[in-house]
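Engineer: Following the hints, position chain Y against chain U.
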Amino acid sequence: KQEVTQIPAALSVPEGENLVLNCSFTDSAIYNLQWFRQDPGKGLTSLLLIQSSQREQTSGRLNASLDKSSGRSTLYIAASQPGDSATYLCAVIGSNDYKLSFGAGTTVTVRA
Amino acid sequence: EPEVTQTPSHQVTQMGQEVILRCVPISNHLYFYWYRQILGQKVEFLVSFYNNEISEKSEIFDDQFSVERPDGSNFTLKIRSTKLEDSAMYFCASSGAGGPSDTQYFGPGTRLTVL
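Listed in order, the protein sequences are those of chains U and Y.
Take the first sequence: its position 34, counting from 1, is numbered 34 in the numbering used here, and each next residue is one higher.
To convert, take the position in the second sequence, counting from 1, and add 112; that gives the numbering used here.
Okay, chain U solo, but in the shape it has when bound (with noise of 0.2 Å):
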């Protein structure tokens, strides 16, 4: 069964610094690796796909890499702003299922 971990469970960080998120999962065949945002509440809002294949991804100030052999992602938040202050979930979908396992997130905290 895949069980994917993220760590740290909470990060506190001053306006303007760099965020770094961890992953890992512990079955490497995956189909892909999703990156979420959760704000309190509310649902979950894609931010980066990561297929099996591929390195890494970016979008604007997130950049998202994938080592599927040692079972790791890391999500980078470049110049942290108090906006990006919510849950950060990752999820991976195995190579023979249609279902994402989720982790149970980082909270992040970005202080003005």
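It is possible that part of the hints are untrue.
To be verified - List of simulated lysine-lysine pairs, DSS-like, C-alpha gap at most 27 Å: (1) Y:K169 with U:K1; (2) U:K68 with Y:K154; (3) Y:K154 with Y:K195.
Claimed, not checked - Calculated from the model, a selection of chain U residues having no Cβ within reach of chain Y, i.e. all distances over 12 Å: (4) S28; (5) R61; (6) S70; (7) V108.
To be verified - Label-pair restraints from in silico Cβ distances: (8) Y:G152 with U:D27: 19 to 27 Å; (9) Y:K190 with U:E3: 26 to 34 Å; (10) U:N22 with Y:S121: 30 to 38 Å.
Source of the hints: derived by calculation from the structure; they are not laboratory data.
Don't be surprised by glycine CBs; every beta carbon is placed ideally from N, CA and C.
Structural biologist: Frame of chain U; chain Y shown alone:
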């Protein structure tokens, strides 16, 4: 930008009652999903649906749950006899023709409270 919508945003029900949660996926998507998130816990997969049938379901998705696409736009989750432990946020998601290789887009969720 197209988005997944869900109704109601909040549903309160008595234990043992039936509830139907409704979703309108993105119009040209072919794969549909339900997930749930119990307060303070991980988002959990419930079921995936493609070509008018269930393609995968989790162990959570037992006989009290069912899904249906009653028309060309709606996708519903029915819980037949609710239990206290069914209280959670329920998210609908959809993805395009690429199936698992495509991004899954999530709705805002329905908060179900079972009393």
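Engineer: Now tell me, hint by hint, if it's right for this structure.
Structural biologist: Taking the hints in turn, this is what the structure says about them:
no.: 1; hint: Y:K169 with U:K1; verdict: 14 Å, holds
no.: 2; hint: U:K68 with Y:K154; verdict: 22 Å, holds
no.: 3; hint: Y:K154 with Y:K195; verdict: 19 Å, holds
no.: 4; hint: S28; verdict: 16 Å, holds
no.: 5; hint: R61; verdict: 19 Å, holds
no.: 6; hint: S70; verdict: 22 Å, holds
no.: 7; hint: V108; verdict: 17 Å, holds
no.: 8; hint: Y:G152 with U:D27: 19 to 27 Å; verdict: 25 Å, holds
no.: 9; hint: Y:K190 with U:E3: 26 to 34 Å; verdict: 30 Å, holds
no.: 10; hint: U:N22 with Y:S121: 30 to 38 Å; verdict: 33 Å, holds
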